[in-house]
Structure formats: C-alpha cells, structure tokens
Amino acid sequence: MIHNIYQPDLMEVLQVRQQTADVKSVRVRFRDEARAREFSFRVGQFGIFSAFGAGESTFNLCSSSNWRDFVEFCFRRTGKVTESLWQIDDGDTIGFRGPYGNSYPMEKWEGRDLIFIAGGIAMPPIRCAIWYALENRDRYGDITVVYGARTVGDLVFRNELSRWAEYDRVRVVATVDPGGETPDWDGQVGFVPSVVEKAGIDAGRAVALVVGPPVMIKFTLPVLTRMGLADRDVYTSLENRMKCGVGKCGRCNCGPVYVCKEGPVFTLEQLRRLPNDS
Amino acid sequence: MTEAISRQALLELVDAWLGQGKRVFAPVQVKPGLDLYEWIQKSSQVHLDSSVRPANSIKEAVFPRHEKLYDYRYAGKQIELIGAAPPETPQIVLGSRPCDAAALEILDPVFNWDEADGFYNHWRRLTTVVSLACQGHDDHCFCTSVGLGPDSPRGADAMLVDLGDDRYEVRTFSPKGIAILAGRTESTEEAATVAPGPPKRFEVESIRRCLPEAFEKFPWPAMSLRCLGCGACAYACPTCHCFDIVDEGDARGGCRARNWDTCQFAVFTQHASGHNPRSQQGQRQRQRIFHKFRMYPDRFGEVLCTGCGNCTRVCPAALGVRPILERIENSTESQTVGRVSNPS
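Chains A and B supply the protein sequences, listed in that same order.
First residue of the first sequence: 1, per the numbering used here; consecutive thereafter.
First residue of the second sequence: 1, per the numbering used here; consecutive thereafter.
Treat the hints as calculated values from the structure; they're not laboratory data.
Predicted, not measured: the structure shown is a model, and the values here were computed from it.
Just to be clear, a hint being listed does not mean it is correct.
Distance condition first, Cα-Cα at most 27 Å in a straight line; then the derived DSS-like pairs of lysine-lysine [what the hints assert, rightly or not]: (1) B:LYS68 / A:LYS80; (2) A:LYS261 / A:LYS198; (3) A:LYS24 / A:LYS80; (4) A:LYS24 / B:LYS217; (5) B:LYS22 / B:LYS176; (6) A:LYS80 / B:LYS77; (7) B:LYS200 / A:LYS218; (8) B:LYS31 / B:LYS42; (9) B:LYS176 / B:LYS200; (10) B:LYS22 / A:LYS261; (11) A:LYS198 / A:LYS80; (12) A:LYS80 / A:LYS108; (13) B:LYS217 / B:LYS200; (14) B:LYS68 / B:LYS22; (15) A:LYS108 / A:LYS261.
Make the full structure from the sequences, and use the hints.
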C-alpha cells in the first residue's frame, strides 16, 4: 500500500453557521472515532479541506486547541471549492488534511500583555488564539482585541466579541470603515491602523498578533513600531496559495521560506529579512 | 578489462524485459533531430544516439504528468475514499542522458523531507536507470557548469558508453544495475572514450552568492518581456517538480489527481482574493531562477538544475536558465546589475 500523504481524513459536518452575507463557519468532527480522540493541533496551524468533486482549499483552524469535540474553520464564498462548501449541510462529509505549519508561540507569550488585531475575514485565524488565551486567562496580562471590517455586516464571529469583553482585563474594540456603520452600531468608525493608534494601548510588555488584508497589515505595522513594540514581538500569519501543505508543490514560498512549513506564523523581524515576494 | 554489450544483445535484452512485463522508457526518434523519451512497445523503437538530447526528461517515469491519488465515491452523505494502488511493475529507463539520471537523485530530498511522498518513492523503487554517455553536446548544454559531465554516474544504476562499432562499454554503479545486465555482457580489452563536455559557462557558487542582490536589481521585467509564460521550460525540465492537485469527476464520484504545474503560470500563486504575490512574468522568471540556484541549494545542498539545456531548447523565446544566469553573472561582475541586452 502506498503511503498516501495526500489522502484526507473524512469529517462529518456538525454545524454550519452563516457569519456574514458571504462567510460561513463550519464545525466538523472526524468520522473515525479513534482519529477524533487522538487528534490535536496548536493554535495558528492550518488544515487543507476538501469538497469532493470541487477540490481542496487551505483554511486556518479557528477553534481553540482546547476544544476536543470538534474543529472549526471559516471561509468566504469566493471560488470553486468555497462555492461547493457553501452548499454543505449538517451530516455531510468533507475531507481534511493536517494540521500543517507552525503555530502561535502561546507558551512564549505567557506573562505578556496580548494585542490582537484583525481585519475582515482574518478574524478566524486570531479567534483561536483569543479563546486559547481566555481559557488560560491567568497566564497572560491585559488582552486587547481590535477588530475591523468594512461594514457591520462583514464582522465575523460578531456574537463572540461581547463574550470576550466579559473576561477580566480584556478590552474589545470593534470598528467599521467610514460608511460601513449602521444606526445602532455602538463600536468605532475608522480604519484599523488609526483605531489602534488612538486606542491608548500600553504596549510596554505586549506582544501583538496582526492578521488581515495586506493593506491593513502594511499600515498597522508602523503604528505598532511607534507604540514601542519590537519587531520580534509583532506576529502575523501569511496566507499564500497552497496545494500540498507539505513543502513539495512549490507555490507558497515567500523568498526562501515555505509558508506551509516555516510558516504561516512569522514575526515582523523575520518578515523584514524576507525579499519582497508576497 | 571492461564489460561490453553489443547493440544486438542490448535490443534482445529490451525485448526480454518487455516480455517479462517490465515497462521500458527510452529515447524514440520522432523526426530527424528530435528525440523524446517514451514508453516503448518493442526494441526497434529505441533510438540510442549519443549526440541527440531528448526534448523531454525522464522525471515522468517517477513523477507522472498526471497521477491519480485516490478515488472518491458519494453514498448519500457518506463518502468512500479508495487510495490509488499503482502497479508493482518494474520499469527500466534505457538511454537516459546522464543529466536526466542525475535529476532523480537531486529530486529525492524534496520528495522525502518531512513527509515522504509515497507515490514518488514507489516509482523510484521500481525504476532502474541505464544511462547513455554523451558523445557530443549542443550550444544549450551546460552540465559541466553544475558539476556534471558527459559520463556522470549520478542517479544511474548502469551506463552505456558507445564503443563506435555497434557495441557499448557497460559500467555498473549499483546492485540494480548489475542485476539487470547480468549475463548479457562480455569482457573486452577496449575502453570507450567519451567526448569532452560543453565548456563551463558559469560558477554555481558565484551565482548563488549574487542572487540576493540580483533579486531587486536585476532587470527581471525587461528580461521577461519576450516570455510567453507558456511553462514549456518547466515541463521539459528534468528537475522542475511543482504540481497542482485537482478533482476530476462530479458530485457522484471521481478521482483526485496531481498534475504537473509551473511557477510560470499567473494563476499558480493567485490568492482567492485576487491578490497575486507574483503577478508579473518577471517575478515568475525570478522565482524559477531563485528556486533552482538559491532556495534549493540553501535547503538541500545543491542546485535544482542538471545543465541539460532543455529549458532554452524548447523555449519559443530563447530564454531559459543559461541565458539568464550568464546575464546575471556578467552584470554582477561588471557591477552594472541594471544592464540588459539580448541573450545569446
């Protein structure tokens, strides 16, 4: 028998939740009970999910690694595979390979304040770390979450923002781009970089995790530098197109590093050493 | 004393292999001046010309252009996966150019680091490579620039060297090579001579060193204006190994397969959002050169290139590795990385 690293595990869809007009989150569980029991991952890692007949796509595992009964991922309806995933329902079967890639250094961050900054569809890859930190609340200092989207309707996991804010020493700042607010919107209005700058965050003993569209990252990183964060304390997760997930198919490299192997999590210090290739 | 085999005995041996159910991949003359490695049905198809380089490579013997990974079958909400079970058929690559044989050893690490690729290893295990030393080269050959030569043993289990009288000197390098030719050779006092390889065109280490600077400074956009983005370079290359994974079938069933792919295609790196890290052909040319001469050496210790020259030979625009590397080396040596003129 061939050692087939490309053959996925089968997963049962437990629950599909529509997050926005074009974003859904999906809860899945391994059909094989033994596999479900032994499976573990670290927050920040990703999986390659299959809609059989359409193909595979790469998504972050956006559930906390402490949750044992299911794994969650989140996607935007964009292409062939996600169109197929959009149609899935409870009880359906999808494929999963993983977990792949490195992870957020949650142990290394212990004792530090945490600043989470997410834009749009990039909340899921941060949500796993937020829940992990909240479930180990005593290991971390102050936690600040800044989450921005184009409009109120584009906020993913919006119902969880208020739950996070109920925890001790947690501040959640939600913002939408100017024009994206609704009459009952009680969050901020403004772009993520300026909201971060004005939020009065004490960055003295903080590490920051920033994930979002390239333009948001580009303008947020200088703000964090001005706040006094060292490049080695600013983390992001790159999301390059992938096929194999195991460093062979040749497309996800950014300069010398394979995002699927050495990433997806990088510090700003590491990114500055990479050539302009992303 | 050396071992030799007559052309007649060799062709009889090929028919014996085919008769035993083995698969044989060998150069076939498609038209004068154009050879292609193909799976043959009879020994008369074999074209052992030590001076004609086939326009494809032998990588497809271990890394097929299209390979089924598994079948999927829907049964209501359940799905059944049936892993692909490629046959246990031994296969012989006969008349491989030494540069093509070397490619297999160069590819081994990428298919085996971290997670081993069972499909590649399956075909590799079943494959015996009998190469044919080169007696001549064309303007595109540059094996000597990447540490190989007209009779490099790398990657080969045995090698034939033309003795000029319808006989070949036989050199064996592995138990597989010894076994496959056992009892078919005879001792001879003669030793074959091998024609000199192509002149050395560039220094691999100097290329590796100057590439980081060339990343920004070399005029990649100008260099790639004529590139069609067709990817022929990668498909004809013995070491290019990028692949795509796709589904073939419908909602009832089908298979998932991997197909050759290339960094020269725009969609290769395009994100779902539409953002493309390598949206320009120049960036894609740069990726191919960097992968082969900087990334691969840094990760696996040697360049991802055998100097076969196929990329230039098949390129409709006379690009490919060597013209670009020579330009990079010249421009770095003359401290004018921005200069560009037509490649030779």
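Hints, verified against the model:
Only pairs whose Cα atoms come within 27 Å are accepted, and B:LYS68 paired with A:LYS80 is accepted, the gap being roughly 20 Å. The hinted pair formed by A:LYS261 and A:LYS198 fails the criterion: a straight-line CA distance of about 36 Å is larger than 27 Å. Of the supplied pair hints, the one linking A:LYS24 and A:LYS80 holds, its CA atoms being roughly 15 Å apart against a limit of 27 Å. Proximity of A:LYS24 to B:LYS217 is assessed by CA-CA distance (about 44 Å); at most 27 Å being required, the pair is judged violated.
Taking the CA atoms of B:LYS22 and B:LYS176, the gap is about 14 Å. The hint holds against a cut of 27 Å. Distance check on the hinted pair: A:LYS80 and B:LYS77 sit about 20 Å apart at the alpha-carbon level, within 27 Å; holds. A hinted pair counts as satisfied when its Cα atoms are at most 27 Å apart, and B:LYS200 with A:LYS218 does not qualify at roughly 45 Å. Note on B:LYS31 and B:LYS42: the hinted pairing holds, with a Cα-Cα distance of about 18 Å set against a maximum of 27 Å.
Our distance criterion of 27 Å between C-alpha atoms is broken by B:LYS176 and B:LYS200, whose separation comes to about 32 Å. Using a Cα cut-off of 27 Å, the hinted pair B:LYS22 and A:LYS261 is violated, with the two alpha carbons roughly 38 Å apart. Taking the CA atoms of A:LYS198 and A:LYS80, the gap is about 40 Å. The hint is violated against a cut of 27 Å. Note on A:LYS80 and A:LYS108: the hinted pairing is violated, with a Cα-Cα distance of about 39 Å set against a maximum of 27 Å.
Distance restraint check for B:LYS217 and B:LYS200: the Cα-Cα separation of roughly 25 Å lies within the 27 Å cut-off, and the hinted pair is therefore satisfied. Pair hint B:LYS68 plus B:LYS22 holds up; C-alpha atoms about 21 Å apart against a cutoff of 27 Å. Of the pairs offered as hints, the one joining A:LYS108 and A:LYS261 holds, with about 20 Å between alpha carbons and a cut-off of 27 Å not exceeded.
Checked against the numbered hints given earlier, the structure breaks hints 2, 4, 7, 9, 10, 11 and 12 and satisfies all the rest.
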